[in-house]
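J.: Two chains, two separate frames, one set of hints: put the complex together.
Take a look at the letters that make up each chain.
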Amino acid sequence: MMNVFAKTLIITVFIFSLGIGVGLWLDIARAEVEERSLAEISLQLTDVVTQDLVYDSFDNTTAFCNAALKSNLEFNDRIYRQGVELEKLEELNKLGPDTILQKKRYALLQTQFWLNAIKIREACGFNYDTVAYIYKNEETPELNTRQKIMSSVLFELKNKCGSKIMLVPIPGDMGLASIDTITYQYDIQEYPVVLINEKVLLQGLQPLDTLESHVSC
Amino acid sequence: MLGVIDVIFLVFAFITLYFMVFFMLVYFTRDKGIPKNNFTGSVSFIIPAFNEEESISETITAIKETEYVGEKEIIVVDDGSTDNTAALARKTGATVYSTKNRGKAKALNFALTKTKGNFIVSVDADSFLTKDSLKEAMKYFADDKVGAVTVSILSKEKKGLLSRLQELEYIMIAWARKNLEHVESVFVTPGPMSIYRKSVLTEMKGFDEDNLTEDIEMAWRVLKGGHKIRMATSAVVYTTVPTKFKEWWRQRSRWNMGGLQTLWKHKSSIFANPGSFSMFVIPFFTFSLIISLSGLTVFSYLIAKWILGTSAYVIGTAQVGISPFTSTSFLDLPILFVIFGAIILTLSIIYSKMNFSFYSRKFQEKKDYLVMLFYLALYISIFPILLVYSIVKLLAGKKEW
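These protein sequences, in sequence, are chains A and B.
With this note's numbering applied, the first sequence has no gaps in its numbers, which climb one by one up to 217 at the end.
With this note's numbering applied, the second sequence has no gaps in its numbers, which climb one by one up to 401 at the end.
Okay, chain B solo, but in the shape it has when bound (with noise of 0.2 Å):
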C-alpha cells in the first residue's frame, strides 16, 4: 500500500513530468516569430572588471569585431583590479575607468553614468561575442515593449568532466529561457552578455548593488514595470566556466544567494497582480525552492534511514556470529517507481536531444550520453545541498563573492 515516502515520491514526479510537459508544449507550440529586419541604435557596452587580465583583451577584441552598423563604445571599469587589466583594456581600445573595488553592480552602476548609447550592452570580462551577436540580439528592439534582450550564453570549455556537464547545462538553461519568454517569463538577463534599453535602466535607477545577482535582480524590475524581455537565441556568447569544482562552488552558491536575496526583495508581489511576473515567476522560484528542499529532506531521511537500518542489522549479524552477507532480502524496486523513473528518464533523455538538437549540436559519441546520464543522476543532486549552504551562509550574513 501507498505509505507517505511513496505518496511524496509521485507528488514529486506529477511536478517534474507538468514542467518537462510544460517546456516541450511551449516549444511546440510557439510562435515563431523571430524578428528578421536588423535594428540599430547606439550601443554602450559596459564591462566590469576585477583583475580580468587573462581575458580582457579577447573580450573586447571579440566586442569590436562583432558585426554593427550602429554606433559602438565600449567602457570598462576596472574594480580596484591588482593586474593589468585596466591597461590591457586600454590598449585594445576601451575607454577605461579605474574605481576602488567595490563590487560588480557599483562598477555597473557607474559605467551607466559614463555612457552615451540608447541601448547599454553588460558584459562580462571573460565573455566573448560572437560575429552575430550583437546584430541579432538587437533586432528584438524594433518592438517598443521590449526592455531588455538576453542571449544564447555557451559554455567555451568543452574539455573535462566538469566543463561538459556546464555545456549540457548552459544549453539546456539557454533553451529554457527561450521556451519562458513565450510565457513573458524570462527572470534573468544574465551577465555574460544582455541588452538593455537605457531608458528602462534609468526608470529602474540602476542595478540593485546589495544583490549579489544583479542581473537576476534587474530582471525581475524590468518585467515588474510592465516591460518585456526576449531572449535572442540565434545571438550566441560563449564564457569561461569554472573548471574547478572548489570554483564552481562558489559560483554556484552566489548565484543562489543572489536568487533568495532577490526572492525576499519581492515576495510581496506574489500573486499581487494578473502579469506572469507575480503569477509565474516568483511562485516558479518559491515552488522551485520548496521542492528541492522538501526533496533534499526526503532523500536525506531514506539515506539515514539505510545507513542505521544497515549499520544495526551489520552489528547485529556480528552479534549473532553470522556473515551480514547473508541475507534473504531484496533491491527491488517497486514498479511504480520503475515506472515514473523511466517516463522521467525517457522524457528527459528527449528533452537533453531536443535542446542539443536546436544549438545544432548532435549527441555523436557514447561520452555524450554518458555525460548526460551523469547529469541527470548526479550533477542536478547537488543543487539541493547547494541550495542548503546557500541559505545557511546568506543567514549567517556572509555574502561575499
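In isolation and in its complexed conformation, chain A is listed as follows (with noise of 0.2 Å):
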C-alpha cells in the first residue's frame, strides 16, 4: 500500500516541480519584455534630453521647440503605460526576479523627464501643466485604494486635457536622492500628493474638480 502513495507523490512533485518550472520560465520572460522596454525608454529619455543640449548649443527655433514637444509628449505617454505594466508586473510576478530596481529605475526616469519637461517650458514659453503625482509604493490596504482613487481622477483629468497637461507619477518612497530631495523640499508627510506646476501642493484625495481648477485646459 505504502508503495502507491510514494508512487503519487513522485509523480506528484514531477507535475508540481513542472508547472512552477513553467511559471518561473513564463514570469523571467515577462521581468525580461519589461527590462527591454524599460531600457527602451531610458535610451528614449537620453535622447530627449540630448535634443535639448542640442537646443541650449545650436538653435532655438519654434520649429525646435515643436519638436521637442512632440518628443516630450510621446515620451509622457509611453512612460506611462511602462507604469501600468511595471505596476502589473509587480502584481502578477510570483517567481521571477523582484521589480524593485526596475521600478526605481522608472522612477528616476519619470523625475529626469518631469524635470526636462519644466526646462522645456520655460525656455520655449509652453503653457502645458505639469502634474506630478507622488505616490507610496509600499502600501497599506486603505492606502492602495486612495491611491488608486487618486490613479483614477488623475487618469480622468489626462483624458479631459490631454497634451495640455504633462502627467508624471512617481513613487515617492524608493529610496532615491533625487526623489528624497523633492519630499523633504515640499516636506511630503501624507501620501498621495499632487504637484501642480511645481506650485500648488494638493495632500490626499483630491475631487476632480478642485485639480481641474489648478490647470488650464
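Rather than coming from a laboratory, the hints here were simulated on the basis of the structure.
Among the clues, some could well be false.
[To be verified] FRET-style restraints, in silico, Cβ to Cβ: (1) Gly-309(B) x Lys-164(A): 42 to 48 Å; (2) Lys-104(A) x Leu-296(B): 37 to 43 Å; (3) Ile-385(B) x Thr-183(A): 43 to 49 Å; (4) Asp-143(B) x Ile-11(A): 26 to 32 Å.
Computed from a predicted structure; not experimentally measured.
For every residue, glycine included, the Cβ atom is placed at its ideal position computed from N, Cα and C.
T.: If you want it as C-alpha cells, here you go:
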C-alpha cells in the first residue's frame, strides 16, 4: 500500500515542479520584456534630453520647440503605459526576479522627464501644466484604495486635458536621493500628493474639480 | 513575490494534484482480479421505511426480481409510518414489522434480530436493485476475509440540473470507492444497498443508534475489526436523489454531521496501528476537513477583502466626482495560478471522463460538459459552506434527520 502513496508523491512532485518551472520561465520572460522596454524608454529619454542640449548649443527656433514638445508628449504617453505595465508585473510576478530595481529606474526616468518638461516649458514658453503625482510604493490596503482612486481621478484629468498637461506619476518612497530631496523640499508627509506646476501642493484625495481649477485645460 | 495567499494556493494545488494522481494511479495499477464465480448463501434483505408509500412497492419488486439462486427473505421495518407503507410492503410480499418511530439505525437493529440469512443486505426504501445487483455483489464473499460489500449507487433521476449534478457526483463517488478498495480503505457501506456477513454485524453488535450516518460508522468499525470491504462496481443500484435544493441541503448536512460524529468517535484510532483504517481512512477524513475549512476561510477572506476594497473605491470615486468605472486596474491572474488552474482543470476533466466511461456513460452532449464545469466550478464549492453549517448544527445539538 505504501508503494502507491510513494509513487503518487513522486508523480505529483514531478507535475508540481513542472508547473513551477513553466511558471518561473514565463515570469522571467515577462520580466525580461519589461526590462527591455525600460531600457528602450531610458534610451528615448536620453534622446529627449540630448535634444535639449542640441537646442542649448545650436538652435532656438520655434521648429525646434515644437519638435521638443512632440518628443516630450510621446515620451509622457509611453512612460505612463510603462508604469501601468510595471505595476501589473509587480502584482502578477510570483516567481521571477524582484521588480524593485525596475521600479527605481522607472522612478528616476519619470523624475528626469519631469525636470526636462519644466525646462522645455520655460525655454520655449509653452503653457502646459506639469502634474506630478507622488504616491507611496509600500502601501496599506487603505492607502491602496486611496491611491487607486487618485490614479483614476488623474487618469480622468489626463483624458480631459490631453496634451495640455504632463502627468508624471512617481513613487516617492524608493530610497532615491533625488526623489527624497523633492519630498523633503515640499515637506510631504501624507500620500498621495499632487504637485501642479511645482507650486500647488495638494495632499490626500482630491476631487476632479479641484484639480481642474489648478490647470488650464 | 510569493505572499501568504500564494503559498496557501500552492499547498492546495499540491494536495489536489496528489489525490487526483493517487486515484488515477490506483485505477491504472489496480489488481483486476474481479471474482467470476457465483457465491451463494442465504440472504436477508432489511428495509427500514418511514412514510415510503411512493417507492416501497417498487423497491421490494426489484429485490424479488433480482437474479439469485440462494434463499432470499425480505424484512421491512415500518418505522412508525403514518401512510400506507406497511400495507403496500405486505401486499408486495415482504415480512413487515411495525414499530413506533425510532430512527433508521434502531429499525435496522430491530430487523437484524428477525433475520435468518447468513448475509444481510440493507436496502433503502427508495432504492432499486437491478437484475444482477445481488449476484454480482455476492461473488466477493467467496473470500472469507470480506466482511461487507458495497455496490455502485447511481442516481435514478437524470432530469434537472440538481439531478444531473448528483448523477455525475454519484458516478464519481462509486469510482472513487472502487479505487479506495485497492488500498483497503472503502470507508462507507452506503444505505441504498450494502451487504454484510451476518457474523460481522453480530461481532459489531449492530448499527450505532446515536449516529446520523450509521452506514459510515458501520464501515469504519468493519475496517477497524480487520475485515475487508469490497466494491462491486458491476452491481448497480439506482436510488432516488433530492430534486430540490432544500432537500439536498438537508440530506448533505445529515451526511456531514454523521461523518463528523464518526470521526469524533474513532479519533483515538488515528495512527494507532499500521492498518489502512488508522493510517489512511481517519487521516484522509481529518485532512479533508482541515483543507475544506481552511479553503473556505481563505476564500472568505479574499471575498471580504475584495468587497471592502471595491466598496471603499466606489464610495471614494463618488466623493471625488468620477465614475467608479474609471480605473487603470486590471483583472489578470498571475501566470502561476493560471498554470495550476489549467493543470487541475485538465486532470479534473480527464478524471470525470474516466469515471463516466467506467460506467459506459459517454459525454455526448454539450450539456454534459456544461454540467461538469458547473460541478467543478460551483457544486463542489458549496460543500465547505455546508460543512460549516453542519458543524454549527452538530454543536448546537440539532441531530435530526
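J.: Now tell me, hint by hint, if it's right for this structure.
T.: Results of checking the hints against the structure:
1. Distance hint check for Gly-309(B) and Lys-164(A): the Cβ-Cβ separation is about 33 Å, which falls outside the suggested range of 42 to 48 Å.
2. Hint check: Lys-104(A) to Leu-296(B), Cβ distance near 40 Å, so the stated range 37 to 43 Å holds.
3. Distance hint for Ile-385(B) and Thr-183(A): a CB-CB separation of about 48 Å, consistent with the stated range 43 to 49 Å.
4. The hinted range of 26 to 32 Å is satisfied by Asp-143(B) and Ile-11(A), whose Cβ atoms lie roughly 30 Å apart.
Hint compliance for this structure: hint 1 is the single one not met.
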